[in-house]
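S.K.: Take a look at the letters that make up each chain.
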Amino acid sequence: MSSLPPRARAVVIGAGIVGSSVAYHLCRLGWDGVVLLDKGPLPNPGGSTGHASNFIFPVDHSKEMTQLTLDSVRQYEELGVFTRSGGIEVARTEERMQELTRRIASAKAWGVEPVSLLSPAEVKELVPYLDERVILGGFFTPGVGVVDSLQAGTLMRERMVAAGGLVVSPRTEVVGIEVERGRIRAVRTTAGDVETPVLVVACGVWSPRLARMAGASIPLTPAVHQMIDIGPVPRFERCTRAIEFPIVRDMDRNMYERQDGTSLEIGSYAHRPILHDPDEIPSLEEAALSPTELPFTQEDFAPQLEDALELMPEIVGDESVGIKYAINGLLSLTPDGMPILGETPEVRGLWSAAAVWVKEGPGVGRAVAEWMVEGESEIDLHSSDVSRFHEHQKTRSHVKARAAEGFNKTYGIVHPFEQWSSNREVRLSPFYERERELGAVFFEAAGWERPQWYESNASLLEEYGDRVTRREAEWDARWWSPIINAEHLAMRDRAAIFDLSAFAIFDVTGPGALDTLQQVSLRQMDVPLGRVVYTPWLTPSGGFRSDLTIMRLGDEHFRVVTGGAHGMADRKWLSDHLPENGSAQLADLTSAWCTLGLWGPRARDILASLTSDDVSHEGFPFATCRTIEVGPLRVLASRISYVGDLGWELYVPIEQGARLWDLVWEAGRPHGLVAAGIGVYGTTGRLEKCYRAYGAELESEYTVVEAGMAPPRVKDEDFVGKEAHLRHREEEPAAILCTLTVDDHASASGVRRYPLGREPILTRAGEPIVDAKGRRSYVTSAGAGPSVGKHILMAYLPPEQAVVGQELAVEYFGERYPVTVAVAGSTPLFDPENSRIRA
Amino acid sequence: MRILVAVKRVPMTGGTIVLTPDARAIATQHLGFTISPHEECAVEEAVRLVEREGGESVVLTLGPPEAEEQLRDAMAVGIDRAIHLVTDEEEWDGQATAGAIVEAVRAEEASSGPFDLLLFGNESADAGGYQVGVRVAHALGLPCVTGLKGIEVRGRLVRCEQEVPGGRDVFEVPLPALLTVKEGLNLPRYPSVPGRMRARQRPIARHEPQRPPARLEKLRFVVPEGERKEAEILGRGPEAAPKVVELLDQLGLLR
Numbered sequence: 004m005s006s007l008p009p010r011a012r013a014v015v016i017g018a019g020i021v022g023s024s025v026a027y028h029l030c031r032l033g034w035d036g037v038v039l040l041d042k043g044p045l046p047n048p049g050g051s052t053g054h055a056s057n058f059i060f061p062v063d064h065s066k067e068m069t070q071l072t073l074d075s076v077r078q079y080e081e082l083g084v085f086t087r088s089g090g091i092e093v094a095r096t097e098e099r100m101q102e103l104t105r106r107i108a109s110a111k112a113w114g115v116e117p118v119s120l121l122s123p124a125e126v127k128e129l130v131p132y133l134d135e136r137v138i139l140g141g142f143f144t145p146g147v148g149v150v151d152s153l154q155a156g157t158l159m160r161e162r163m164v165a166a167g168g169l170v171v172s173p174r175t176e177v178v179g180i181e182v183e184r185g186r187i188r189a190v191r192t193t194a195g196d197v198e199t200p201v202l203v204v205a206c207g208v209w210s211p212r213l214a215r216m217a218g219a220s221i222p223l224t225p226a227v228h229q230m231i232d233i234g235p236v237p238r239f240e241r242c243t244r245a246i247e248f249p250i251v252r253d254m255d256r257n258m259y260e261r262q263d264g265t266s267l268e269i270g271s272y273a274h275r276p277i278l279h280d281p282d283e284i285p286s287l288e289e290a291a292l293s294p295t296e297l298p299f300t301q302e303d304f305a306p307q308l309e310d311a312l313e314l315m316p317e318i319v320g321d322e323s324v325g326i327k328y329a330i331n332g333l334l335s336l337t338p339d340g341m342p343i344l345g346e347t348p349e350v351r352g353l354w355s356a357a358a359v360w361v362k363e364g365p366g367v368g369r370a371v372a373e374w375m376v377e378g379e380s381e382i383d384l385h386s387s388d389v390s391r392f393h394e395h396q397k398t399r400s401h402v403k404a405r406a407a408e409g410f411n412k413t414y415g416i417v418h419p420f421e422q423w424s425s426n427r428e429v430r431l432s433p434f435y436e437r438e439r440e441l442g443a444v445f446f447e448a449a450g451w452e453r454p455q456w457y458e459s460n461a462s463l464l465e466e467y468g469d470r471v472t473r474r475e476a477e478w479d480a481r482w483w484s485p486i487i488n489a490e491h492l493a494m495r496d497r498a499a500i501f502d503l504s505a506f507a508i509f510d511v512t513g514p515g516a517l518d519t520l521q522q523v524s525l526r527q528m529d530v531p532l533g534r535v536v537y538t539p540w541l542t543p544s545g546g547f548r549s550d551l552t553i554m555r556l557g558d559e560h561f562r563v564v565t566g567g568a569h570g571m572a573d574r575k576w577l578s579d580h581l582p583e584n585g586s587a588q589l590a591d592l593t594s595a596w597c598t599l600g601l602w603g604p605r606a607r608d609i610l611a612s613l614t615s616d617d618v619s620h621e622g623f624p625f626a627t628c629r630t631i632e633v634g635p636l637r638v639l640a641s642r643i644s645y646v647g648d649l650g651w652e653l654y655v656p657i658e659q660g661a662r663l664w665d666l667v668w669e670a671g672r673p674h675g676l677v678a679a680g681i682g683v684y685g686t687t688g689r690l691e692k693c694y695r696a697y698g699a700e701l702e703s704e705y706t707v708v709e710a711g712m713a714p715p716r717v718k719d720e721d722f723v724g725k726e727a728h729l730r731h732r733e734e735e736p737a738a739i740l741c742t743l744t745v746d747d748h749a750s751a752s753g754v755r756r757y758p759l760g761r762e763p764i765l766t767r768a769g770e771p772i773v774d775a776k777g778r779r780s781y782v783t784s785a786g787a788g789p790s791v792g793k794h795i796l797m798a799y800l801p802p803e804q805a806v807v808g809q810e811l812a813v814e815y816f817g818e819r820y821p822v823t824v825a826v827a828g829s830t831p832l833f834d835p836e837n838s839r840i841r842a
Numbered sequence: 020m021r022i023l024v025a026v027k028r029v030p031m032t033g034g035t036i037v038l039t040p041d042a043r044a045i046a047t048q049h050l051g052f053t054i055s056p057h058e059e060c061a062v063e064e065a066v067r068l069v070e071r072e073g074g075e076s077v078v079l080t081l082g083p084p085e086a087e088e089q090l091r092d093a094m095a096v097g098i099d100r101a102i103h104l105v106t107d108e109e110e111w112d113g114q115a116t117a118g119a120i121v122e123a124v125r126a127e128e129a130s131s132g133p134f135d136l137l138l139f140g141n142e143s144a145d146a147g148g149y150q151v152g153v154r155v156a157h158a159l160g161l162p163c164v165t166g167l168k169g170i171e172v173r174g175r176l177v178r179c180e181q182e183v184p185g186g187r188d189v190f191e192v193p194l195p196a197l198l199t200v201k202e203g204l205n206l207p208r209y210p211s212v213p214g215r216m217r218a219r220q221r222p223i224a225r226h227e228p229q230r231p232p233a234r235l236e237k238l239r240f241v242v243p244e245g246e247r248k249e250a251e252i253l254g255r256g257p258e259a260a261p262k263v264v265e266l267l268d269q270l271g272l273l274r
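Protein chains in written order, with this note's numbering: chain A, 4 to 842; chain B, 20 to 274.
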């Protein structure tokens, strides 16, 4: 056991692939005095790295995951531990064949090439022991490979120990974490205490325990992945290398088969979800194999044996080939399937690098280290951010319910708008009962139930007839309704109300409030009382951290309103920038206020009939807010719009919400008011107006200039990302955010198809489009524009392509559809003069 | 040949053995279960004998409902069918176990004909009572040889090799006989996938024997002071080679 230094720049707990990689990159980025601990021995400390199947399929529908995986492959290659084998995802069903064409599209969108679709005979040629009669085809990625993740960790540690920046201490268990005034102060271990301002939890399935020691939360659950190893396989005895055949993923059976020396390894995500508790994992001493290799439960695997036999009868059906090893291996699952990375919102200096699999380990290590050292990572990690979780999402019950639901979707065909079915109805707005009566179809946002559309509006379909596009393909129409488009048209014609209670709402108060908001906001925040400012928040390098609105309610009182999905991360960003001297305070009022949106040409008439306050254009100008009386309620009304129509966001304390709904509903009926869902608010309304959305168009990888959102002048006050932003204004942008429309929807079979987002944008000849920074063009958002009669796509394009009228193509389910650039920049497609919102 | 193999479901230990708070059982929440290693060899021997001589092999266990897993394990490597004497949570001592097995064997022989050979483990991996095989042999009036590392059937005789300090004692006994065997008798095979799948379909006859009043009471287990396993690094890279050779020679592996 090595003796620990009394002080460290950072302590990393966990020497699996993730912890080793974080420590390695911290040293590489210049941190000196990094300590890496593990309670287990080295090189295999007994966590999930030690029994991982170690293969890497780079293509994922998530850009973030694909980027992390591609970076990991580069690192494994550089370390000399990557063996390219190729990999084939085989389809047994027609639906899966369709899904494979979608995977091809994702590969093109994220720049993973080459990839190709194979016929059963072509699959057979590469994997001669497979019975091609049970499959319909395969998706071949030659870049798939197998890594030695334990060796990768060893090399990373050795390099930095040799360079002098890293101390590694195996067999050292953490027994306590000292937190002082919300910050990490020291870590207590069986080998002594270490003072440190930074502690990284990279403990895989044990991470929740370690986080809890510090009073923080890493909401993951250990889950079983069953794996068996059969051999010796006569065919493989002739192999001269450990891996000569491509890895096969039997997607429809949630299984994989791969050669490993003379054995065939068979793994499964098809069995019932078997979840464990981090506190109940055996110790190293108690474990028969290792703490994360639990006894195999035979009965769970029985159907998988039959599936494997069907696909690979030559090997699996061979009586001489024995089952030599079988485990219930533990790995980490999270409620939304994404890793858990970043500084915890509960404790400053406590970082999570958890729920990471071998395929993305080194990439995560680099990204988290960059985030720690430089304040942000090159790859945008917002979907993996530990601060994304709302309180209810950190509960054991939520984690287990969602992990169980997500487990069998590991190889699943998951629709981009697919909703979770477990643990719903956790957050209900005061409008909920009214919405149910109107036949709302609820989607989930940050745990809130929000109407996506209302079945009671089906009558509008008749009213709008052909102006409402029907979708013929089941996939395009899944989690969608033409009613959304009808609601949209009713809003544009008359008025609609929206439940926006999922907004996250933070009040910043105190003498330091203005300075705090100036510091995080691109836009000028020293505005008159009653002004509403829409502003980006930037990362240090000038990319998007968020976009939101801020109301000035007093000299020292601001109200920040942001989307629920990203609200918790915004809260952390804001609270991280509060002054040390306590001169500004942040209060989370999300659960205190509900929000009703009212927009459309009749919105003023409706509101005016409810209030004696002046709501005329002159008396209540755009981008202002004030408290008005609506019947017996005092309502904070904010005249802004994300749907491009005249109207207000109306805020009342949550217990008065139902009354507000009833008042507005009754007053609106003579005006033809409808209730409209988030299908309009989040997609059709905003897309026609070319309004951007955080996480879709707006990511840290794109600049304000590229997004077409640079203000005419830059404020004098300092703010995060200012230097970079000033530089970006001087440069030619590498890409420009454009709005495109689909010219022809007809597929080869004649069925009209409607892309849903994240597809590659190609030239008409089918060539990928890459900008000067190496970024591919892809659809950031897609949806109908009912008022303009077009299907709308947004995409960043290099300047030479970002020209109105430029003819391009989008690839969707293996076919190319012609599209044309309708707008380069942020001019709205609908009502370009913005006369409606300023009416 | 008709062969009966008796097996016992025991915890699969690998690391430190942890006892339940009352010290009357091994804490098994993290452990898998297996057939005692001696009995795995008995199963393998039965399968080989039937493969060679023809006939039928039957596996028998006395244990909780979960012990079906061990019966399926045995059938996965080639045993034809199983008898499960299902017990509840109560502890069965060697005498009670032997009594129930004797009754089951008699019933089985009455319906399906006599066994030529009954194979038992020399002792179970958990309780280690060394009782059951001998008691069953005595009750059934069968010749019995224990602790065997070699078995060879020659017509109606069986040649038995028993390991003793410094060598082997060899016995010849007539069939039918009851033999208890030890790990090392043979190298048990791994189950194949088709074997596993067949095992799921094979029949298990279940009986619920009455437990006689216990005459032996278990008070508690004591985990012996184990030897600490220490790994010694012999060296790194090619420099380690001479030491490795020296060690292999010491262990007698190079002769």
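Treat each hint with caution, since some may be false.
To be verified - Here are the simulated BS3-like pairs of lysine-lysine, each with C-alpha atoms no more than 25 Å apart in a straight line:
hint : chain 1 : residue 1 : chain 2 : residue 2
1    : B       : LYS237    : A       : LYS327
2    : A       : LYS575    : A       : LYS412
3    : A       : LYS725    : A       : LYS776
4    : A       : LYS327    : B       : LYS262
5    : A       : LYS397    : A       : LYS412
6    : A       : LYS127    : A       : LYS397
Treat the hints as calculated values from the structure; they're not laboratory data.
S.K.: All hints, please: hold or fail.
M.R.: Tested hints:
no. : hint                   : verdict
1   : LYS237(B) to LYS327(A) : violated (36 Å)
2   : LYS575(A) to LYS412(A) : violated (31 Å)
3   : LYS725(A) to LYS776(A) : holds (21 Å)
4   : LYS327(A) to LYS262(B) : violated (31 Å)
5   : LYS397(A) to LYS412(A) : holds (21 Å)
6   : LYS127(A) to LYS397(A) : violated (46 Å)
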